[in-house]
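Q: Every letter in the sequence shown is one number past the one before it in this note's numbering, and letter 266, counting from 1, is 266.
Careful: at least some of the hints might be erroneous.
Ranges between beta-carbon positions, derived for each pair [stated by the list, open to error]:
id : residue 1 : residue 2 : range
1  : V43       : T109      : 44 to 50 Å
2  : K102      : L39       : 42 to 48 Å
3  : P116      : K228      : 35 to 41 Å
4  : K102      : L223      : 34 to 40 Å
5  : T177      : G225      : 15 to 21 Å
Cut-off 27 Å, straight-line C-alpha distance, at most; resulting in silico cross-link-like pairs (DSS-like, lysine-lysine) [said to hold, decoys possible]:
id : residue 1 : residue 2
6  : K250      : K239
7  : K194      : K112
8  : K187      : K220
9  : K250      : K194
10 : K112      : K244
11 : K194      : K244
12 : K239      : K202
13 : K187      : K239
Hints are computed from structural coordinates only; laboratory data are not their basis. Cβ atoms here follow ideal geometry from the backbone N, Cα and C, with glycine treated the same way.
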Amino acid sequence: MLLGQILKPYSLDQIRILEEKLNTYEIWVFVLVLFVAILLLVVVMQRLAIAKFRNSELFKSKQSLKLNQKDIQLENEDETNIIDTNTITQTPIHHPLTVTGKDLPEPGTIFKFSVPSQSNRLVLIGKREGNIVTRSSEILDHHLTIDIEPVDSENIEILSYQVEFRREGKVLIQYPTDKDFHEMEMKESFTISKSLHYENEKTFDVIQLSRPIRIKVGGKLGLDGKFKNGYFEFHLFTKDILEKTNLGNKRIEKQFYLKLYKIFPGYDTARQTRDGIVPMLTRFGGKL
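Sequences and hints are given; from them, build the entire structure.
A: What follows is the structure, encoded as structure tokens:
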């Protein structure tokens, strides 16, 4: 009986069913092969993305190293690239995603400020507005204001000045007589004079480029008293000039200078925001 079933030929219905099953198996095999090909493509794309990311991090590290080397070279350079803020002002960017290298301040730039003999002069370091615009995510609007005012305009030989610092963001400061930086109070003041001396207030005869007032502005401070993410360092110094008074005589007055000495660790223009603000580069292989 079993032998008869084996030798019995298949009917047309059975042959049709077998062909349909065969077609179904072929479709499943094709789908499985396509799925495996897609998985292989995804793996290859992930490897390429990881390689590109590592190259980008290496590039950022090299750029950060170049910036640090440039900062070291600036210590031995003379004054260059002086900007007179009486005729040139920086304005914020009004269009999204337009920040380029030329829109950002560079280390070594010197800003010059003249002070009227009969009134004060305000110098503002800020994020989007001021005499010095940083466009940095670490800096606040009105981060640091420097108020310079003549205090003895009746003196016909040499003019003295009182300088007041007012801050809204974090500031570290080092005066020429200090050994280290200290966190600035909300307000600090001093006098530049050879004849006037006020009790309980710092007085300097002159503030030279070789021994300036060093100012660091940035975001958050760590427990060690240093900025966590990055900072801008400025050097404040003065130069004597001869100016004619209302009486017709010439008097020694001063021009004030702010030198952008260092931007540490530098701008990360690839991560700028839509409103034109640029964060700082990450340090130590991407870890803050």
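Q: Identify every previously stated hint that the structure contradicts and give their numbers, smallest first.
A: The structure breaks none of the hints.
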